[in-house]
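> Order-wise, the sequence lines are chains A and B. Sequential numbering from 1 applies to the first sequence in the numbering used here. Sequential numbering from 1 applies to the second sequence in the numbering used here.
One should not assume that every hint holds.
[Stated by the list, open to error] Cβ-to-Cβ under 10 Å is the rule here; a few derived chain B residues that face chain A:
no., residue
1, Gly119
2, Phe120
3, Gly132
4, Thr133
5, Pro134
6, Ala135
7, Ser136
8, Leu142
9, Ala149
10, Lys198
11, Ile199
12, Asp201
13, Ala246
14, Ser251
15, Ala253
Since the hints were made in silico from the structure, they are not lab data. Quick caveat, the model's predicted, so the values are computed rather than measured. Ideal Cβ placement from N, Cα and C applies to all residues, glycine included.
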Amino acid sequence: MAGIISYGSYIPYRRLKRAAIAEVLGVPAGKGERSVASFDEDSVSMAAEAARDALRGAAVDKVRTLLFATSTPPYAEKLNAAIVGAAAQLPAESRAADLTGSVRAGLSALLQAADAASGGGLALAAMSDCRLGAPEGRLEQAGGDGAAAFVMGTGDGVIAEIVASASFTREFLDTWRMPEERFGHSWEERFALTQAYVPLLGKAIQSVLEKAGTAPAALARVILDSPNPRAAEEIVRGLKLDPAKLADTLALTVGQTGAAHAGLLLTAALPSLKPGDLVLMAAVADGADAIVLRVTPAAAKFRPAHSVGRMIESKGAVSYGNYLKWRQILPTEPPRRPDPERPAAPPMMRSEKWKFGLIGSRCTACGTPQLPPQLVCVKCQTRGKMEPYAFADRTGRIATYAVDRLAYSLNPPTVNAVVDYEGGGRFLCEMTDCEPDRVAIGDEVEMTFRRLFTADGVHNYFWKARPKR
Amino acid sequence: MASKGIRDRVAIVGMGCTKFGEHWDKGADDLLVDAAYQAYESAGIGPEDVDAYWLGTMGSGISGLTLSEPLKIQYKPVTRVENMCATGSEALRQACYAVACGAFDVAMAIGVEKLKDSGFSGLVMANPPNDGTPASMTPPALFSLLAPAYFKKYGLDPDKGKDVLSRIAWKNHRNGARNPKAQFQKEVPLEAIKNSPKIADPLGIMDCSGVSDGSAAAIVVRAEDAHKYCKNPIYIKALSFVAGPAEGPLSQAYDFTSFPEVVASARDAYAQAGITNAREQISLAEVHDCFTPTELVLYEDLGFSPRGTAWQDVMEGFFDLEGRLPVNPDGGLKSFGHPIGASGLRMMYEMWLQLRGQAAQRQIKDPKLGLTHNLGGQPGRCVSFVSVVGNSVG
Numbered sequence: 001m002a003g004i005i006s007y008g009s010y011i012p013y014r015r016l017k018r019a020a021i022a023e024v025l026g027v028p029a030g031k032g033e034r035s036v037a038s039f040d041e042d043s044v045s046m047a048a049e050a051a052r053d054a055l056r057g058a059a060v061d062k063v064r065t066l067l068f069a070t071s072t073p074p075y076a077e078k079l080n081a082a083i084v085g086a087a088a089q090l091p092a093e094s095r096a097a098d099l100t101g102s103v104r105a106g107l108s109a110l111l112q113a114a115d116a117a118s119g120g121g122l123a124l125a126a127m128s129d130c131r132l133g134a135p136e137g138r139l140e141q142a143g144g145d146g147a148a149a150f151v152m153g154t155g156d157g158v159i160a161e162i163v164a165s166a167s168f169t170r171e172f173l174d175t176w177r178m179p180e181e182r183f184g185h186s187w188e189e190r191f192a193l194t195q196a197y198v199p200l201l202g203k204a205i206q207s208v209l210e211k212a213g214t215a216p217a218a219l220a221r222v223i224l225d226s227p228n229p230r231a232a233e234e235i236v237r238g239l240k241l242d243p244a245k246l247a248d249t250l251a252l253t254v255g256q257t258g259a260a261h262a263g264l265l266l267t268a269a270l271p272s273l274k275p276g277d278l279v280l281m282a283a284v285a286d287g288a289d290a291i292v293l294r295v296t297p298a299a300a301k302f303r304p305a306h307s308v309g310r311m312i313e314s315k316g317a318v319s320y321g322n323y324l325k326w327r328q329i330l331p332t333e334p335p336r337r338p339d340p341e342r343p344a345a346p347p348m349m350r351s352e353k354w355k356f357g358l359i360g361s362r363c364t365a366c367g368t369p370q371l372p373p374q375l376v377c378v379k380c381q382t383r384g385k386m387e388p389y390a391f392a393d394r395t396g397r398i399a400t401y402a403v404d405r406l407a408y409s410l411n412p413p414t415v416n417a418v419v420d421y422e423g424g425g426r427f428l429c430e431m432t433d434c435e436p437d438r439v440a441i442g443d444e445v446e447m448t449f450r451r452l453f454t455a456d457g458v459h460n461y462f463w464k465a466r467p468k469r
Numbered sequence: 001m002a003s004k005g006i007r008d009r010v011a012i013v014g015m016g017c018t019k020f021g022e023h024w025d026k027g028a029d030d031l032l033v034d035a036a037y038q039a040y041e042s043a044g045i046g047p048e049d050v051d052a053y054w055l056g057t058m059g060s061g062i063s064g065l066t067l068s069e070p071l072k073i074q075y076k077p078v079t080r081v082e083n084m085c086a087t088g089s090e091a092l093r094q095a096c097y098a099v100a101c102g103a104f105d106v107a108m109a110i111g112v113e114k115l116k117d118s119g120f121s122g123l124v125m126a127n128p129p130n131d132g133t134p135a136s137m138t139p140p141a142l143f144s145l146l147a148p149a150y151f152k153k154y155g156l157d158p159d160k161g162k163d164v165l166s167r168i169a170w171k172n173h174r175n176g177a178r179n180p181k182a183q184f185q186k187e188v189p190l191e192a193i194k195n196s197p198k199i200a201d202p203l204g205i206m207d208c209s210g211v212s213d214g215s216a217a218a219i220v221v222r223a224e225d226a227h228k229y230c231k232n233p234i235y236i237k238a239l240s241f242v243a244g245p246a247e248g249p250l251s252q253a254y255d256f257t258s259f260p261e262v263v264a265s266a267r268d269a270y271a272q273a274g275i276t277n278a279r280e281q282i283s284l285a286e287v288h289d290c291f292t293p294t295e296l297v298l299y300e301d302l303g304f305s306p307r308g309t310a311w312q313d314v315m316e317g318f319f320d321l322e323g324r325l326p327v328n329p330d331g332g333l334k335s336f337g338h339p340i341g342a343s344g345l346r347m348m349y350e351m352w353l354q355l356r357g358q359a360a361q362r363q364i365k366d367p368k369l370g371l372t373h374n375l376g377g378q379p380g381r382c383v384s385f386v387s388v389v390g391n392s393v394g
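Based on the sequences and whatever the hints tell you, model everything.
So this is what it looks like as structure tokens:
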């Protein structure tokens with residue numbers, strides 16, 4: 001049976017304290033804080049970050065299926081998954097699809113990727129969401145932004161095999177949003193809770209445990225994800241699940257990350273599990289999915305590059321004012337500088353490996369890495385002896401930097417840094433997730449895939465440097 | 001192999017320069033016609049006497065028609081050139097070569113820029129369609145990269161470094177206050193410069209050159225013909241233009257405390273002019289002070305100060321109007337303003353005045369050799385022009 005070969009996750013650097021929302025709007029404050037995608041992030045860029053981590057050490061060239069799940073796709077038409085695939089440098093020979101329209105898409109992607117991988121080859125399920133609620137609403141505070149990605153496959157490399165799964169679908173109206181709307185609507189919450197979520201989640205869990213031949217007591221960890229936390233609480237009571245085995249829902253530190261959330265919780269739980277442990281993961285939204293996984297001995301060898309715990313600790317605050325500006329809920333006066341121009345399709349296609357994969361070149365005559373990729377070597381001036389050279393996973397140090405208060409940005413000032421990579425190569429690029437007055441020559445940075453700006457409806461994705469997380 | 005040069009073979013026999021500034025009531029046409037007629041009159045000639053024109057503008061028009069149309073040039077060659085902020089110098093260089101080689105007897109180099117019609121702050125350049133990956137930094141941010149690198153390399157704490165930069169701006173404003181054609185004709189107190197609103201840390205608005213409109217023009221002839229037009233012409237000793245391989249953003253070897261392109265063009269120009277010690281031999285210089293750290297680094301690249309010591313020369317007043325080597329006596333880009341295509345010729349206009357004793361309250365005593373330096377681009381990725389001119393042959 002197919003299972004998880006490797007995984008990655010992503011929690012953006014910024015946090016918005018719920019009390020900070022309450023202070024401005026005068027609404028009751030929830031406890032804790034939520035994660036906030038920066039002004040230069042969206043569900044695609046965050047999925048790319050999670051996918052890159054999931055693919056470190058995996059056989060990228062064997063990936064034949066890519067499923068991108070989100071309820072907040074940056075493009076309504078145009079394959080969002082292709083951007084994730086380009087950033088992760090997946091092979092062109094692959095099946096790719098966006099799964100969207102419901103936060104349920106995340107677990108659907110995981111299960112479909114497992115099905116796809118059962119036939120051979122690897123499948124990548126990337127799930128990501130940028131949860132946006134209208135000011136003063138419940139989702140604004142309860143939601144969070146984040147991503148998770150799983151490489152699914154078969155054979156010895158599987159670190160958590162899928163023992164059984166169960167899915168239930170019914171038509172009912174709970175949460176909905178028209179394509180042209182930014183903020184969604186919800187029916188009175190007691191309706192879906194009592195008539196859909198609790199019964200469906202209960203059925204899904206009972207069914208999957210039966211299929212797996214497992215009793216609740218045999219579970220090492222239980223991951224329950226419900227947009228309405230009460231559904232999970234009732235299930236725990238009803239099925240007499242041991243509360244000590246329940247995974248933290250990250251409600252106080254991250255928030256509910258929509259389509260990404262069940263996956264994110266699984267990536268948070270996996271590092272602490274032992275071979276042989278059984279995990280129940282169940283989620284409700286527009287229906288219910290439940291999965292039982294068994295951790296294998298291979299799990300001991302895998303450690304994600306950025307653990308969820310590490311990314312929860314690595315954070316910086318965003319004010320509610322900046323959050324409103326970043327989400328363009330609060331319009332601001334633009335600077336007296338020209339608007340960014342949309343990138344052009346032919347040069348983007350020509351430089352696909354560079355733009356999306358941060359693949360530079362290395363001169364085989366003198367060995368000098370350089371980026372962007374060059375035709376003639378900057379060091380020895382030899383022509384045409386370049387080989388591809390990947391920079392995305394390399395760290396570097398700041399040689400010098402500039403704090404630009406004039407450039408167009410949703411988050412001024414723009415910090416640019418000259419990055420000298422370990423192993424060679426230099427790049428002048430924008431910094432992100434940094435505090436401008438703390439940037440210094442010699443700081444260590446790593447590369448991150450971002451949406452630089454959107455112009456004429458074209459999202460311009462490229463790479464930035466950030467302080468190492 | 002360096003260029004061979006045209007030392008003392010070409011002379012400037014007439015020049016014109018409009019006032020630089022916010023000319024809300026003038027377009028590029030008005031500025032061009034004004035500067036061209038000033039130059040004609042200065043040389044004692046008329047449009048019919050000029051055989052060919054080189055027009056420099058970065059974005060205020062395309063093709064030779066930008067000049068021939070307003071000036072009603074009667075079916076003669078007009079070449080429009082562009083080399084970023086060194087555009088005006090490039091126009092002059094082409095005109096000089098044209099008369100030196102004998103293709104024409106009299107040529108005009110003219111530069112113009114009309115910046116204040118854009119509605120934007122600072123300089124805006126149009127890019128060809130691209131893949132969306134080039135860094136979109138503003139000019140002050142690009143040049144501000146020099147400051148932390150220079151401070152760190154030479155052990156200046158940021159506050160001391162800021163004092164040095166502020167003093168450069170203070171000096172240029174002080175000079176500009178003595179120039180009736182400058183955009184800003186007021187001295188500015190050091191504290192006001194130092195505390196001006198930040199644009200690209202540590203640069204404040206007062207570390208940036210003036211965004212302005214303007215035009216300047218020169219009439220060039222072969223040296224042997226110069227006295228037909230002018231009693232005291234100035235002679236071209238050297239013209240050097242260098243475009244770099246843009247190594248700075250690519251190579252870890254570049255440390256952001258120098259412009260290799262400037263070093264190369266200065267070396268070439270000094271070889272052409274027979275200069276062995278610029279600090280001693282150059283009487284005055286107009287350099288490309290687009291932002292204060294640029295001028296600081298240029299002192300060292302042009303050989304005016306040994307490496308790592310320019311900041312001391314700045315603080316000691318070495319480059320002041322009364323100093324040993326006055327730099328930007330006309331106020332520079334900082335105070336005279338920077339209409340891109342005109343700036344290189346504006347620098348030469350100050351040489352024209354100073355070397356002929358016509359700089360009035362800015363006049364430097366008995367200058368012999370002057371240098372203009374003009375660059376375009378960004379640290380580590382630029383074009384650089386250096387000229388040396390003198391008031392006598394030999």
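> Against each hint, give a clear statement of whether it holds in the structure.
Verification of the hints:
1. Gly119: Since the shortest Cβ distance to chain A is 7 Å, the answer is holds.
2. Phe120: Holds: closest Cβ of chain A sits about 5 Å from Phe120/B, inside 10 Å.
3. Gly132: holds (3 Å)
4. Thr133: holds (5 Å)
5. Pro134: holds (9 Å)
6. Ala135: holds (5 Å)
7. Ser136: holds (6 Å)
8. Leu142: holds (7 Å)
9. Ala149: OK, holds: Ala149/B within 10 Å of chain A, min 4 Å.
10. Lys198: holds (6 Å)
11. Ile199: With Cβ-Cβ at 6 Å, under 10 Å, it holds.
12. Asp201: holds (4 Å)
13. Ala246: For Ala246/B, the interface hint holds, since the closest Cβ of chain A sits about 8 Å away, which is under 10 Å.
14. Ser251: Since chain A brings a Cβ to about 5 Å from Ser251/B, closer than 10 Å, the hint holds.
15. Ala253: At about 8 Å, which falls below the 10 Å cut-off, the nearest Cβ of chain A leaves the hint on Ala253/B intact, so it holds.
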